[in-house]
Amino acid sequence: MNRVELLQGTLDMLVLRALLFGPLHGHAIATHIQRTSEDVLRVDHGSLYPALYRLKKRGWITASWEPMPDRNREAKYYRLTPAGKKRLASEHSKWRQLARAIGLVMEPAQ
Amino acid sequence: MRDLRFWRWRKAEEDDLDRELEVHLVLAANERLEAGLPLRDAQFAAHREFGSVALTKEELRDMRTGAALERMWQETRFAARRLLRSPAFTLATVLTLALAIAANASIFAVVYRVVLHPLPYGHSDRLVALEFGMPIRNVPKIYYMPSRLYYQYLDRAHTLDGLALYMGATELTLTGQGTPERIRVSRTTSSLASVLRMVPAQGRWFTEAETAQGASPVALLSHGFWVRRFGRDRNVVGRSISLDGVPTVVLGVMPASFAFPDSRVDAWVPAPFATRTTATDGWVFAAVGRLRDGAMMAEARNELTRLANDLDPSYPNNGYKFVASTATTLLDATVGDISVTLWILLASVGLVLLVACANVTNLFLVRSEVRQREIAMRRALGAGNRAIVHYFLTESTLLSLAGGAAGLALAWVAVHILVAVGPAGGPWWANLPRLEEVRLDGVVWAFTFGLSLVTALAFGSIPLLRFTPLAQSLHGSGHWSTQSRSRYGTRYLLMGAQIALALVLLTASGLMLRSFQKLRAMDPGFDATSTLTFRIGLPRIDYPDQGRMAAAHRAIIDRLSALPGVKAVSASTCLPLSEQQLCQGGPLFIEGQLPPPGTIAPFIAIRAVDGGFFATMRTRVLRGRGIERGDVEREEPIVVLNQALANLAFPGQDPIGQRVRLGNPSLARGTPEWLTVAGVVANTPTFGLAEAAPFPQFYIPIFASRTVNMGPRLDAMSYVIRTTVAPGTLTEPIRRAIGEVDGNLALAQVRTLQDILDRAAAQMAFTMVLLAIAASVSLMLGVIGIYGAMSYIVSQRTGEIGVRLALGGEPGSVARMIVRQGGLVAVAGITVGFATAFAGSRLIQSLLYGVSPRDPGVFAGTALLLLVVVLLACWLPARRAARLSPLDALRTE
Chain A
1 MNRVELLQGT LDMLVLRALL FGPLHGHAIA THIQRTSEDV LRVDHGSLYP ALYRLKKRGW
61 ITASWEPMPD RNREAKYYRL TPAGKKRLAS EHSKWRQLAR AIGLVMEPAQ
Chain B
1 MRDLRFWRWR KAEEDDLDRE LEVHLVLAAN ERLEAGLPLR DAQFAAHREF GSVALTKEEL
61 RDMRTGAALE RMWQETRFAA RRLLRSPAFT LATVLTLALA IAANASIFAV VYRVVLHPLP
121 YGHSDRLVAL EFGMPIRNVP KIYYMPSRLY YQYLDRAHTL DGLALYMGAT ELTLTGQGTP
181 ERIRVSRTTS SLASVLRMVP AQGRWFTEAE TAQGASPVAL LSHGFWVRRF GRDRNVVGRS
241 ISLDGVPTVV LGVMPASFAF PDSRVDAWVP APFATRTTAT DGWVFAAVGR LRDGAMMAEA
301 RNELTRLAND LDPSYPNNGY KFVASTATTL LDATVGDISV TLWILLASVG LVLLVACANV
361 TNLFLVRSEV RQREIAMRRA LGAGNRAIVH YFLTESTLLS LAGGAAGLAL AWVAVHILVA
421 VGPAGGPWWA NLPRLEEVRL DGVVWAFTFG LSLVTALAFG SIPLLRFTPL AQSLHGSGHW
481 STQSRSRYGT RYLLMGAQIA LALVLLTASG LMLRSFQKLR AMDPGFDATS TLTFRIGLPR
541 IDYPDQGRMA AAHRAIIDRL SALPGVKAVS ASTCLPLSEQ QLCQGGPLFI EGQLPPPGTI
601 APFIAIRAVD GGFFATMRTR VLRGRGIERG DVEREEPIVV LNQALANLAF PGQDPIGQRV
661 RLGNPSLARG TPEWLTVAGV VANTPTFGLA EAAPFPQFYI PIFASRTVNM GPRLDAMSYV
721 IRTTVAPGTL TEPIRRAIGE VDGNLALAQV RTLQDILDRA AAQMAFTMVL LAIAASVSLM
781 LGVIGIYGAM SYIVSQRTGE IGVRLALGGE PGSVARMIVR QGGLVAVAGI TVGFATAFAG
841 SRLIQSLLYG VSPRDPGVFA GTALLLLVVV LLACWLPARR AARLSPLDAL RTE
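Sequences listed follow chains A and B, in order. Using my numbering, read the first sequence as starting at 1 and increasing by one per residue. Using my numbering, read the second sequence as starting at 1 and increasing by one per residue.
Isolated chain A, as found in the complex (with noise of 0.2 Å):
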């Protein structure tokens, strides 16, 4: 339970990271997350839309149909709000508390 609890959290910050710089739409998102992670973590597409629910209904993205640059359709675009924002920052200095603090206790200063 608290294994699914870390990776749905993380993801969740992963999403809100992969939007910081603009709009995406769920395949760019998948797309972001893969390659900026030279490939380690590939995106359970899953659990992506059930995660884009999830932080659309809390208010900290949002999601709107624009056409795409260069191709003739529409995809769902999903944008960062400011509450996005504030949540990405807390959840990154807190993600950045425990990678140092699980790093600390794995590889103890010599």
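In short, the hints are calculated from the structure, not lab data. All C-beta atoms, glycine included, are put in the ideal place defined by N, C-alpha and C. Treat the hints with caution; some may be incorrect.
[Claimed, not checked] With a Cα cut of at most 25 Å, we get these calculated DSS-like pairs of lysine-lysine:
1) B:Lys57 <-> A:Lys57
2) A:Lys56 <-> A:Lys76
3) A:Lys76 <-> B:Lys11
4) A:Lys56 <-> B:Lys57
5) A:Lys86 <-> A:Lys56
6) B:Lys57 <-> B:Lys11
7) A:Lys57 <-> A:Lys94
8) A:Lys76 <-> B:Lys57
9) A:Lys94 <-> A:Lys56
10) A:Lys56 <-> B:Lys11
11) A:Lys85 <-> A:Lys56
12) B:Lys11 <-> A:Lys57
13) A:Lys57 <-> A:Lys76
14) A:Lys86 <-> A:Lys76
15) B:Lys141 <-> B:Lys321
16) A:Lys85 <-> A:Lys57
17) A:Lys94 <-> A:Lys76
[Claimed, not checked] Distance windows between CB atoms, simulated:
18) A:Ala83 <-> B:Trp445: 42 to 50 Å
19) B:Glu14 <-> A:Arg96: 37 to 45 Å
20) A:Glu38 <-> B:Glu374: 47 to 55 Å
21) A:Lys57 <-> B:Thr836: 53 to 61 Å
22) B:Leu453 <-> A:Arg71: 50 to 58 Å
23) B:Leu453 <-> A:Thr10: 58 to 66 Å
24) B:Phe44 <-> A:Glu66: 23 to 31 Å
25) A:Ala109 <-> B:Glu14: 53 to 61 Å
26) B:Leu39 <-> A:Arg96: 42 to 50 Å
[What the hints assert, rightly or not] Listing some non-contacts, in silico: residues in chain A with all C-beta distances to chain B over 10 Å:
27) Ala18
28) His25
29) Asp39
30) Gly59
31) Ala101
Please build the complex by placing chain B on the supplied structure of chain A, with the hints as guidance.
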């Protein structure tokens, strides 16, 4: 509308999701195309990577608001589809539940509207009926009070905020509009409307000035009378109608809810009861009062008792010293002891519902067992406990809601029949107080709905209690599944419970049946065959005094005696059991005896009769002689006592020749008239067939009624005709003959003595019939349930039975084995039921007559009957099992 919007919104959301996922797949496929994969491979790869689109959608759907509602709707639809696939099971279940719920809903409607619902008057919980107990007198309860006490209370009672006197309905003849009609009129003080906080629907109530002696007569009409006789004519207010020949102005019409003291009253008229100076000490007026805010009932009783006792020094020998107020709420006084009957009936239909539940549970168990493997499969595929619980509870809820709806419809019909037939004719339940108020209101709906849900929970959860673990049920693939004894435990428990419940109901109805038989076998003191009775009232304007009234009755009797088919005619001011009331009563004094100190003269019922009354009624004369025509003509001052009075007034002495009189000799107006006892006749019932002890009665010749102190008024008399032809054929000739004597006379209450007897036994018949229906329904359901359960057990054990037979078991011994098991359950159920009935039968003691609540015959008889029936229900499936050939039995596996 709301729903539609919800669905539309849901649809839009779904489309949006589809589009988004589609875009995703296209983009993913494009990416691969760009990397050089062929189109089809690219699409496949995208799909593969994405995983199950359906699952993702499913997950998203679950997250949406309203998803729970949607899932419930879906489950309900699935459950309905499953149920429709087994129509026999569904129909049997819904019908069983519908009948049981209908019985509960209709009896509850009666209990709720009659016993629990407040009376339709303002702040009716503060209304009290002023009743009294006089422990040393031979009457258990006095529902009346003297006018002197009324003024005493009016002037001094601090716990009362208003008090009204009234007289229960008396009859007057309405003439001038079509056929003359005897209507029922209640005489009241002007305070009645303000005490009850009621205002007329039209016109106004009468003022105190209009109640004074000599004021011009006025009346208020009941809603029912206004509709029936005046066709809702709004101009009736202010018009003059003729009551007993007296022109009376209609002041107004009361609302339909106003039914005081009962729903059969047609009109209310002011009564010049008495003033403070003319007040008397006759206990003849009923009273209703309103408790002052903050006053408690106990407080009021204390004060009313004290104020009554205070009158004794000034007006001794009137009983003021001995009375104690037993004031009770008007609701309790109105409903009376019928509430006990109604509660018992409600309890018994509750038991029927339990039996029905047990039956349905049985059916449900069979169904769940058959689907054991389906359930196991569902679990293996990941259905959690919650899903399984939903699976069963949705079915049971659907079934019992359907049963509840059908039951409500049935109850609606039942209640309508009950109420519609009630007040108009004279069926046995017409006497039920507040019957006209019975309807299926919101509370009854809520009760039925709640009952259905509880029922659903009861039989829907029982299959859940006995789920075998997953692995075991998958293993039990049907072959050689000799189910352990404990698997039948629930069934045996249900069977036992059904038997116990049926025994309780059968015992109760057996006791009622015995009581009813005893009641009907009782000698009423008269012969009810070949008789016709009716009542004739004389308008006061044409017959102003007792002498002229007696002469008129005399003329009518002579005229009727001459009719062919008439064997004998006589009349009395009051027939036994008529309206189940006292008619007229007073204290009896014996010459040469004063009541011993600390006691009071016995209170007795008084009737004035014409000559030959006892011969016409065939009431046996036990000593001396009856009242003959000659006695009436000679105005003999004689009196005939019933045996109860003879035993009470002259214990161990010969009453013949003794002299008695009515009323207190020291206070009587004029010269005291002594009456000589001429004879003693057999007892006849006064208030009801089942009265604890016969009431003392006293008969005087009608002409004597003119002069005797407290002699009954002769303005209305009940006639008895003994016929040689069918009584019904005489009605018209009699009507004509009376019309020849006086065209303004109306016949009322035309019926036979047998009708009167039947009506007196009606309440017990009503209880008995309803209890018998409840008992036979529960017995029938029980037998069906037991037969079904045993058949099922036998069918499940066919393999085992086959082995037994194949190994040389006797068919007889196999049958015995099965019957023995059923028999053990029956004995256990009967024992429990017996103990319950034995402990509980005291609850219905007040309904019984002449039977002990633990009557050994009834108990033994019902237990035996039940045992035989249950064994038969077990034996039939057992015989079938024993007749199997071993080969067939083994093949069925």
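Verification of the hints:
1. B:Lys57 <-> A:Lys57: holds, 17 Å
2. A:Lys56 <-> A:Lys76: holds, 12 Å
3. A:Lys76 <-> B:Lys11: holds, 18 Å
4. A:Lys56 <-> B:Lys57: Holds, at about 16 Å.
5. A:Lys86 <-> A:Lys56: The hint holds at about 15 Å.
6. B:Lys57 <-> B:Lys11: The given pair, whose Cα atoms are some 13 Å apart, holds under the 25 Å limit.
7. A:Lys57 <-> A:Lys94: Since the Cα atoms of Lys57 of chain A and Lys94 of chain A sit roughly 22 Å apart, the hinted pair holds (cutoff 25 Å).
8. A:Lys76 <-> B:Lys57: Holds: Lys76 of chain A and Lys57 of chain B sit about 16 Å apart, inside 25 Å.
9. A:Lys94 <-> A:Lys56: Satisfied, since the Cα-Cα distance of roughly 21 Å is no more than 25 Å.
10. A:Lys56 <-> B:Lys11: The hint holds at about 19 Å.
11. A:Lys85 <-> A:Lys56: Answer holds: Lys85 of chain A to Lys56 of chain A is near 13 Å, not above 25 Å.
12. B:Lys11 <-> A:Lys57: holds, 18 Å
13. A:Lys57 <-> A:Lys76: holds, 16 Å
14. A:Lys86 <-> A:Lys76: It holds: about 23 Å lies between the C-alpha atoms, which stays within 25 Å.
15. B:Lys141 <-> B:Lys321: Roughly 16 Å between the alpha carbons, so the hint for Lys141 of chain B and Lys321 of chain B holds.
16. A:Lys85 <-> A:Lys57: holds, 15 Å
17. A:Lys94 <-> A:Lys76: violated, 30 Å
18. A:Ala83 <-> B:Trp445: 42 to 50 Å: Given a distance of about 48 Å, which is inside 42 to 50 Å, the answer is holds.
19. B:Glu14 <-> A:Arg96: 37 to 45 Å: holds, 40 Å
20. A:Glu38 <-> B:Glu374: 47 to 55 Å: Taking Cβ atoms as reference, Glu38 of chain A and Glu374 of chain B lie about 50 Å apart, which means the hint holds.
21. A:Lys57 <-> B:Thr836: 53 to 61 Å: holds, 58 Å
22. B:Leu453 <-> A:Arg71: 50 to 58 Å: About 56 Å separates the Cβ atoms of Leu453 of chain B and Arg71 of chain A, which means 50 to 58 Å holds.
23. B:Leu453 <-> A:Thr10: 58 to 66 Å: At 45 Å between Cβs, range violated.
24. B:Phe44 <-> A:Glu66: 23 to 31 Å: With a Cβ separation near 29 Å, Phe44 of chain B and Glu66 of chain A satisfy 23 to 31 Å, so the hint holds.
25. A:Ala109 <-> B:Glu14: 53 to 61 Å: The hint (53 to 61 Å, Cβ to Cβ) holds, given that Ala109 of chain A and Glu14 of chain B are roughly 55 Å apart.
26. B:Leu39 <-> A:Arg96: 42 to 50 Å: Since the Cβ atoms of Leu39 of chain B and Arg96 of chain A sit about 45 Å apart, the hinted range of 42 to 50 Å holds.
27. Ala18: For Ala18 of chain A, whose nearest Cβ neighbour in chain B is about 15 Å away, the distance exceeds 10 Å, so it holds.
28. His25: Violated: least Cβ distance 7 Å, not greater than 10 Å.
29. Asp39: holds, 13 Å
30. Gly59: holds, 15 Å
31. Ala101: holds, 32 Å
Consistency with the previously given hints fails for numbers 17, 23 and 28, ordered from lowest to highest.
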